[in-house]
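Enquirer: Using the sequences and the accompanying hints, generate a full structural model.
Quick mapping for you: the protein sequence lines, in order, are chains A and B.
Residue 0 is where the first sequence starts when you use numbering that gives the first Met the number 0, and the numbers rise one by one after that.
Residue 0 is where the second sequence starts when you use numbering that gives the first Met the number 0, and the numbers rise one by one after that.
BS3-like cross-link-like pairs, simulated, lysine-lysine; straight-line CA separation at most 30 Å: (1) A:Lys80 to A:Lys38; (2) A:Lys178 to B:Lys3; (3) B:Lys440 to B:Lys536; (4) A:Lys112 to B:Lys575; (5) B:Lys336 to A:Lys38; (6) A:Lys38 to A:Lys112; (7) A:Lys80 to B:Lys575; (8) A:Lys38 to B:Lys3; (9) B:Lys2 to A:Lys38; (10) B:Lys575 to B:Lys633; (11) B:Lys318 to B:Lys336; (12) B:Lys575 to A:Lys38; (13) A:Lys178 to B:Lys2; (14) B:Lys318 to A:Lys80; (15) A:Lys178 to A:Lys38; (16) A:Lys112 to A:Lys80; (17) B:Lys336 to A:Lys80.
Away from chain B, derived, C-beta distances all over 10 Å, residues of chain A: (18) Glu88; (19) Leu128; (20) Asp134; (21) Gln141; (22) Ala167; (23) Lys178.
Rough simulated footprint, nothing fancy, chain B against chain A, three-plus residues with beta-carbon under 8 Å: (24) 24-35; (25) 64-77; (26) 96-103.
What the hints contain is simulated information worked out from the structure, not anything from laboratory work.
Here the structure is a predicted model, which means the values were calculated and not measured.
Virtual Cβ for every residue (Gly too), placed ideally from N, Cα, C.
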Amino acid sequence: MSCDLVLVGVGGQGVLTIADLMIRCAFAADVPATYCPTKGMAQRGGFVKAEVRLGREGVGPRIAEGAADLVIAMERSEALKGLPLLRPEGTLVLYDHVWAPTGVMLGADAYPKREQVLDEIDRAGGRLLLLDPSDLPSVDGQAVRPNIYVLGAAVGRTPLGEVLAVEAMAATIEARWPKAASANLAAFQAGVRE
Amino acid sequence: MIKKTVTGNQAVARGALAAGIRVVTGYPGTPSTGCLTHLLSLDLLDRHVEWSANEKVAFEIAAGAAWAGQRSLVTMKMSGVNVAFDALISIAYSGTNGGLVIYVADDPGVTAGMAEQDSRAFARMADLPMLEPADPAEAYQLIQTAFELSETVGTPVFLRLTTATALTHAPVEIDDPVPPAERDVILEKDIGRYTKAGSVICRRQHEELINRLGRAEMWIHEHGLNRLDLSASSGGLGIVACGAAAPYLPEALGISGLSAEDVSVLRVTSTVPFPRREVERLLGACSTVLVLEELEPFIERDLIVLAREVGFDGRVVGKLDGTLPRIGEYTLPIILKGLETASSRPLAHESSSAIDEADAGGVSPAPRPITICAGCPHRGTYLAIDAAIDAAGLDRDNVMVTGDIGCTILGMNPPFDLLWNEVSMGSSLGIAQGYVHAGSKMPVIATIGDSTFFHGGMPGLVNAIQHRVPLTLVILDNGWTAMTGMQINPGTDESQQPGSRRVDLEDVVRGLGPDRVTVVDPYDLEATTAAIAACLKEPSGVGVVISRRECAIQASRRRVDYGTVTVNAEACILCKQCLRITGCPALSLPPAADGLGEPPQGGPPGPRSIVIDPDLCNGCGLCVSFCPTGALAKEAA
Chain A
0 MSCDLVLVGV
10 GGQGVLTIAD
20 LMIRCAFAAD
30 VPATYCPTKG
40 MAQRGGFVKA
50 EVRLGREGVG
60 PRIAEGAADL
70 VIAMERSEAL
80 KGLPLLRPEG
90 TLVLYDHVWA
100 PTGVMLGADA
110 YPKREQVLDE
120 IDRAGGRLLL
130 LDPSDLPSVD
140 GQAVRPNIYV
150 LGAAVGRTPL
160 GEVLAVEAMA
170 ATIEARWPKA
180 ASANLAAFQA
190 GVRE
Chain B
0 MIKKTVTGNQ
10 AVARGALAAG
20 IRVVTGYPGT
30 PSTGCLTHLL
40 SLDLLDRHVE
50 WSANEKVAFE
60 IAAGAAWAGQ
70 RSLVTMKMSG
80 VNVAFDALIS
90 IAYSGTNGGL
100 VIYVADDPGV
110 TAGMAEQDSR
120 AFARMADLPM
130 LEPADPAEAY
140 QLIQTAFELS
150 ETVGTPVFLR
160 LTTATALTHA
170 PVEIDDPVPP
180 AERDVILEKD
190 IGRYTKAGSV
200 ICRRQHEELI
210 NRLGRAEMWI
220 HEHGLNRLDL
230 SASSGGLGIV
240 ACGAAAPYLP
250 EALGISGLSA
260 EDVSVLRVTS
270 TVPFPRREVE
280 RLLGACSTVL
290 VLEELEPFIE
300 RDLIVLAREV
310 GFDGRVVGKL
320 DGTLPRIGEY
330 TLPIILKGLE
340 TASSRPLAHE
350 SSSAIDEADA
360 GGVSPAPRPI
370 TICAGCPHRG
380 TYLAIDAAID
390 AAGLDRDNVM
400 VTGDIGCTIL
410 GMNPPFDLLW
420 NEVSMGSSLG
430 IAQGYVHAGS
440 KMPVIATIGD
450 STFFHGGMPG
460 LVNAIQHRVP
470 LTLVILDNGW
480 TAMTGMQINP
490 GTDESQQPGS
500 RRVDLEDVVR
510 GLGPDRVTVV
520 DPYDLEATTA
530 AIAACLKEPS
540 GVGVVISRRE
550 CAIQASRRRV
560 DYGTVTVNAE
570 ACILCKQCLR
580 ITGCPALSLP
590 PAADGLGEPP
600 QGGPPGPRSI
610 VIDPDLCNGC
620 GLCVSFCPTG
630 ALAKEAA
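Expert: This is the structure we're talking about:
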């Protein structure tokens with residue numbers, strides 16, 4: 000079992016945290032794994048990408064265009080940067096959050112509409128798992144952490160689950176945040192379930 | 000021994016610990032920073048680990064310790080080798096006593112800025128061995144090998160990683176750190192070895208240098224660092240794979256449909272010296288050779304020279320025949336392209352055509368230029384420079400504002416669009432003086448950060464003062480080396496660098512004696528504007544404005560509370576002036592039905608005002624002064 004996956008999003012959304020949890024989970028399960036982050040020079044609000052290769056021994060860390068089994072996009076516009084990496088029949092998880100750059104808010108730059116992005120995914124032959132931020136569940140009156148929710152959806156509802164099991168990831172999350180395990184597990188399980 | 004997931008940078012650090020290093024120095028620079036950062040995060044006894052003022056100083060400290068007999072490591076990004084090289088080549092000619100390894104991280108693809116240079120040229124020029132691992136596990140081993148080689152031969156050794164290897168997390172078997180060996184300090188007085196006193200000495204050192212490289216070649220050969228795997232069938236395809244390109248080869252061979260048994264492979268881990276013996280055997284067994292190496296065709300050129308010497312009459316496929324690029328990272332599609340050309344047949348895979356079609360989509364992602372953080376004090380300085388140009392009655396398009404390295408260069412991007420150029424550490428000052436001497440009739444402004452000023456800016460300022468060059472220097476002093484992820488520098492607050500002493504940048508500048516020095520707070524726009532305008536109006540000498548306020552990220556990590564900015568929704572007319580002028584990421588338009596922030600047309604009444612993200616806003620208050628209706632208000636902590 001193997002899975003080559005790419006995460007894209009905006010600095011501050013916890014994209015690299017998802018990749019880190021995947022690597023920890025894979026390590027505990029003795030699944031060979033590499034993870035290569037690209038965050039450019041931005042502290043926050045810049046494009047972030049993480050390439051994760053699970054279940055393959057002795058391979059380079061980068062994933063070629065058209066070769067990713069799974070693309071997880073945490074932001075609508077950035078999904079278009081992840082899409083060229085997706086292989087035909089691969090799955091794209093779109094958490095349809097909008098983080099408009101200043102240029103868009105000032106009306107100087109265009110920002111893609113949801114339908115346009117979905118059309119592009121369709122044209123690329125990708126399978127879509129759409130997560131609407133307005134459906135983000137709440138626990139004890141507080142919205143759960145979107146990145147952990149998206150991780151739950153990826154593990155629970157895409158072929159990634161064949162490489163990293165739901166129970167193993169839950170254990171990884173618990174070990175990562177022993178003091179805040181329940182809130183994070185709730186976010187994760189909400190993503191798995193929906 | 001324990002198996003851990005580590006980055007290539009951490010693997011270098013851990014390998015150096017296993018090799019018993021005593022002294023580690025460096026200057027931050029992506030993608031190399033994580034090595035020294037990792038060492039600083041460990042509780043290390045009996046070792047000295049420091050961020051030095053610049054790479055040349057860092058190298059000299061490591062070299063001094065190595066001359067004294069200790070194992071020493073110095074770390075830097077590729078641009079740092081340019082800085083250190085003056086000292087480096089001199090030490091190369093003298094050789095070393097204790098192990099001395101220079102870890103350099105090159106950045107093919109340029110994810111972190113600066114020239115896409117290939118540092119292997121420096122190893123070649125200095126006749127120093129250079130080892131190149133292909134993944135973190137190999138980095139862990141090769142740094143230890145590098146120390147052994149260094150001490151056996153008496154030569155400094157380069158270890159070169161590239162971005163993908165330095166930043167990739169992968170499992171590595173790690174040994175426990177070895178305490179530095181108890182070695183007597185070598186205090187040897189020998190001008191024939193430790194100086195360049197005269198032509199006889201220098202020519203003898205050159206000869207010894209060449210001999211050392213020869214001994215290194217033999218040592219590397221005997222230790223089998225370059226692994227040759229010859230196919231049983233001769234006359235087929237041979238592949239030379241080096242560095243980060245190598246791990247993609249097995250995968251590419253699998254996809255290509257070429258039989259791995261028919262292919263001979265030489266995995267090169269020593270770029271310098273050229274692995275002559277192994278390459279000669281490869282040439283003898285193959286009719287075509289494919290060379291896979293990122294950036295410049297180093298191995299390839301040496302291979303072609305050797306091919307001529309030994310009468311090889313086959314093909315060499317690589318960069319020089321135009322098949323493969325000299326630009327960017329090598330990943331699977333490039334390796335496949337090489338295999339396709341070298342095997343002279345189209346391969347069974349589809350990916351090369353998929354690449355050409357990838358950009359054919361009808362809709363593009365929104366541009367997301369890198370910008371400065373919410374609360375960044377540089378925002379105040381950029382806005383003040385702009386306002387000062389105006390206040391001095393000058394034309395923005397005719398005032399040269401030179402830029403420098405680090406976060407301060409982000410003033411080149413919207414909404415500021417202020418800086419004209421970016422060269423190298425400290426160059427804002429020299430470039431500015433050049434524009435003055437060229438006859439620029441308008442005042443010239445140089446901008447530089449605090450760490451960059453300590454690193455390479457001081458000589459430029461001294462020069463401007465000495466030659467009475469009329470210019471304004473704005474030092475954006477946020478107290479940290481910020482862009483590389485918050486390292487200390489000489490000016491960092493003493494409480495943040497225990498055991499060290501803070502060097503006050505203001506004292507340094509005043510000591511150099513410019514015509515005018517003003518220290519301002521960039522959160523105080525009026526005072527900062529006035530100070531810069533005063534320099535512009537009186538351009539008779541060197542005017543320095545130190546715009547001083549701690550990096551907002553670091554201040555908020557220490558829970559410094561500047562208060563908050565609130566919005567009076569009744570008063571906000573959504574003119575977007577605050578957004579347009581400051582570009583602050585904490586500001587956004589109200590959420591709307593399409594999620595794009597435009598208020599819904601005739602939709603349900605919602606917030607119709609600018610929204611401030613309380614988690615991002617640090618209360619700098621700069622936006623308040625640009626609100627025409629007074630809707631934004633600063634509330635004290």
